[in-house]
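**Student:** Chains A and B supply the protein sequences, listed in that same order.
Just add 63 to the spot in the first sequence (first one is 1) and you have this note's numbering.
Just add 63 to the spot in the second sequence (first one is 1) and you have this note's numbering.
Be a bit skeptical, because a hint or two may be false.
Pairs involving identical chains hold if they fit within one copy or between any two copies, as the list cannot separate such chains.
In silico lysine to any residue, SDA-like type, Cα no more than 25 Å apart, as pairs [claimed, not checked]:
(1) Lys461 with Thr219
(2) Lys236 with Leu168
(3) Lys199 with Glu231
(4) Lys93 with Ala313
(5) Lys93 with Asp445
(6) Lys236 with Pro320
(7) Lys461 with Ala431
(8) Lys93 with Ser422
(9) Lys92 with Val235
(10) Lys93 with Glu424
(11) Lys461 with Asn434
(12) Lys92 with Val419
(13) Lys461 with Gly444
(14) Lys461 with Thr344
(15) Lys461 with Ala426
(16) Lys92 with Arg135
(17) Lys236 with Ala362
(18) Lys92 with Pro420
(19) Lys92 with Glu231
(20) Lys461 with Met190
(21) Lys461 with Ala316
(22) Lys236 with Asp272
(23) Lys93 with Thr417
(24) Lys92 with Ala313
(25) Lys199 with Ala426
(26) Lys92 with Ala280
(27) Lys236 with Ile462
(28) Lys461 with Thr221
Calculated from the structure, these hints are not laboratory results.
Residue-level listing of the chains:
Protein chains: 2
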Amino acid sequence: MSENLYAYADGGVTAPAGFMAAGVSAGIKKSGRRDVALIVSGDACASAAVFTMSSMAAPPVVVSREHISDGRLRAIVVNAGNANACTGERGMADARAMAVATAGLIGCEATDVLVASTGVIGVPMPMSLVLAGIEKAAGELDYLAGEDAAEAIMTTDTFMKTTGAALEIDGVKYTVGGMAKGSGMIQPNMATMLAFITTDAPLSSAACDAALRTAVARTFNRITVDSDTSTNDMCTLMASGVAGGELIEAGDARYAPVAAAIEHVCGELARMVVRDGEGATKLITVTVTGATSEPDAEAAAFAIANSPLVKTAIFGADANWGRVAMAIGKSSATVDPARVRIHFAGILTCDGGTAVPFSEEAAAVALAADNVEIAVDLGLGDGEATVWTCDLSYEYVKINGEYRS
Amino acid sequence: MSENLYAYADGGVTAPAGFMAAGVSAGIKKSGRRDVALIVSGDACASAAVFTMSSMAAPPVVVSREHISDGRLRAIVVNAGNANACTGERGMADARAMAVATAGLIGCEATDVLVASTGVIGVPMPMSLVLAGIEKAAGELDYLAGEDAAEAIMTTDTFMKTTGAALEIDGVKYTVGGMAKGSGMIQPNMATMLAFITTDAPLSSAACDAALRTAVARTFNRITVDSDTSTNDMCTLMASGVAGGELIEAGDARYAPVAAAIEHVCGELARMVVRDGEGATKLITVTVTGATSEPDAEAAAFAIANSPLVKTAIFGADANWGRVAMAIGKSSATVDPARVRIHFAGILTCDGGTAVPFSEEAAAVALAADNVEIAVDLGLGDGEATVWTCDLSYEYVKINGEYRS
Chain A
64 MSENLYAYAD
74 GGVTAPAGFM
84 AAGVSAGIKK
94 SGRRDVALIV
104 SGDACASAAV
114 FTMSSMAAPP
124 VVVSREHISD
134 GRLRAIVVNA
144 GNANACTGER
154 GMADARAMAV
164 ATAGLIGCEA
174 TDVLVASTGV
184 IGVPMPMSLV
194 LAGIEKAAGE
204 LDYLAGEDAA
214 EAIMTTDTFM
224 KTTGAALEID
234 GVKYTVGGMA
244 KGSGMIQPNM
254 ATMLAFITTD
264 APLSSAACDA
274 ALRTAVARTF
284 NRITVDSDTS
294 TNDMCTLMAS
304 GVAGGELIEA
314 GDARYAPVAA
324 AIEHVCGELA
334 RMVVRDGEGA
344 TKLITVTVTG
354 ATSEPDAEAA
364 AFAIANSPLV
374 KTAIFGADAN
384 WGRVAMAIGK
394 SSATVDPARV
404 RIHFAGILTC
414 DGGTAVPFSE
424 EAAAVALAAD
434 NVEIAVDLGL
444 GDGEATVWTC
454 DLSYEYVKIN
464 GEYRS
Chain B
64 MSENLYAYAD
74 GGVTAPAGFM
84 AAGVSAGIKK
94 SGRRDVALIV
104 SGDACASAAV
114 FTMSSMAAPP
124 VVVSREHISD
134 GRLRAIVVNA
144 GNANACTGER
154 GMADARAMAV
164 ATAGLIGCEA
174 TDVLVASTGV
184 IGVPMPMSLV
194 LAGIEKAAGE
204 LDYLAGEDAA
214 EAIMTTDTFM
224 KTTGAALEID
234 GVKYTVGGMA
244 KGSGMIQPNM
254 ATMLAFITTD
264 APLSSAACDA
274 ALRTAVARTF
284 NRITVDSDTS
294 TNDMCTLMAS
304 GVAGGELIEA
314 GDARYAPVAA
324 AIEHVCGELA
334 RMVVRDGEGA
344 TKLITVTVTG
354 ATSEPDAEAA
364 AFAIANSPLV
374 KTAIFGADAN
384 WGRVAMAIGK
394 SSATVDPARV
404 RIHFAGILTC
414 DGGTAVPFSE
424 EAAAVALAAD
434 NVEIAVDLGL
444 GDGEATVWTC
454 DLSYEYVKIN
464 GEYRS
């Protein structure tokens, strides 16, 4: 893994040179917390975005797909507290109005503004609040306000999610920053709920797109909190180029290290989203090796990661690895039971498809940790995949039984 | 629906003529409750069975697949408390030994005995207890003991599940009886955890197979408690023929009403399994109409029924229908958002993909009921499907965090 290859960069989306941000309270959240965020580049710059595959995609997703089509963005406007989903023609008009208002305030085309919303589904947007919030945010744009912006996109999140990484290539320092929000309706299918990545590396639009798609496939698209895919999922990458140097295309020697740093930032944010999954007490890493293909490994890993019986067992600190065997069995992956080997919380519990005696005391110690690893070797080929999830707790039920109330 | 077409028949699997049963305590369950069941026909008779599609199928499933291959059974032996799954060669030998012991006690071939097990995965069977239990059960076989047998197959079930139906065709009375167990690891894929259906109608083996497969596809294969598919799922049909009359083949005029009664019994049992789903407080009926095909309708219905966000909203009596829209969106079904209409607990909440104002008071009343209906019209074609599920409660987490402990 690439965890420690990079210098940490503070400030989230404003860590890279060339980006300002803001996060203000507009009164959309009943709590009065910050709920409108802006991310603005000095100039329109090479950008890419991936969106939810949901067939019920929300208006901001529909509008943003149009606006990113030329591979350039100047700004991103985000609100929390209302998803602007299942809002029909009015929702489309509201999403466009958010882009127009932002463009007017910072001086650019509306099509250079990407729009994102998160919150409750099926409620019309309180546009007077939203538009006043955008104006307020435009007045507070700052090169150090990445964390304000990250705070403004939180809903049921218990902590803000920002990270950054710095690397040097041929004497030029490049920085990547990012912010994301969870923490429910999370089995992203192209991007997590909302994630915004910035870099000052001079990536071309095509290089942005390639780097983002590769990173997302291995990070945000490999996490699940609750198996539910949002109507508003979105992940973007903006490359200001302010660090200097010639344009980086996907084939260049400088592309791979920058793309790896982007994947590193996406991976950190994705794991933060899971660790803050609604009601989560533990981060669970599920690794499947020995599959006949990578899609098979991913299918088996997701079957384990999404099984409520596996997730409740880990919440209860019960080394009930039989539920892992069950989950493999229900997945679409090719399986030969006689070759299955399961490590549960680091302990070999099943070999050749059969129970192996293990110490319940050792299991209790392993399950007391914040991180639990489940490793399955299907013993058939070299396909492998890692998926991150969290446990399923009483608190998850409480949060989601009461969400709208 | 066919709910009230049939006279209720008491006694579960012993309601039809020609079947004896027993349910005894063998000490496999730590609680000392009944845990070994027998169902025995007077003679080997036409039978059919469907089994889990899990690639991690347990030894009793593997052995029973062999034994049903000739379309005839004399007896079924079942134990609760241990699933005999992930038990390798020893598990295979234990499953065979259960058939051999039963055959010896009642006087038939071991291949005429079907073997079923349910309980914890990955623990070797306590065979001395099991074999003593089978001997005890054989000594207590009785034409009135259907409920003892139903009680003996319970694990986390809170009530026993038996039902029966009687009908008359051309002056001959036919009876169908059945028993089943839930109540977790339930998204059957060919059959529910364990369900045993009997009839005294003179069905052929081929007619048994056709009737059972049709009934299961529309009942047990359309329920989900937790989206998890067991390693031990099994559903059987035995037809003693004791009611008399000529052999009924699938093409006969008498076939359809008998098959409908079998489907009725399977449907009743399937809904009992869901109502008793682990921690369930409500039965949820999800109906999708207007899909481009029946598989599309089923996919959308299962996406709704398995969504933890939908299930927790109903537990919390929150008319959060946006989560239904989300679930449709993540399914593989073809969807045009502008045509989607959603009734949540009988209340129109979304039309043309857009929120419709509704009374929260009326919603609170509707959500206080034991039965909640979610109806989605995709407005595209005539594909439709109904899936039954339950809500997701604190108690579900408690039961499954502590199961092995």
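**Student:** Looking back at the hints listed earlier, which ones does the structure fail to meet?
**Tutor:** 2, 3, 4, 5, 9, 13, 16, 17, 19, 20, 21, 24, 25, 26 and 27
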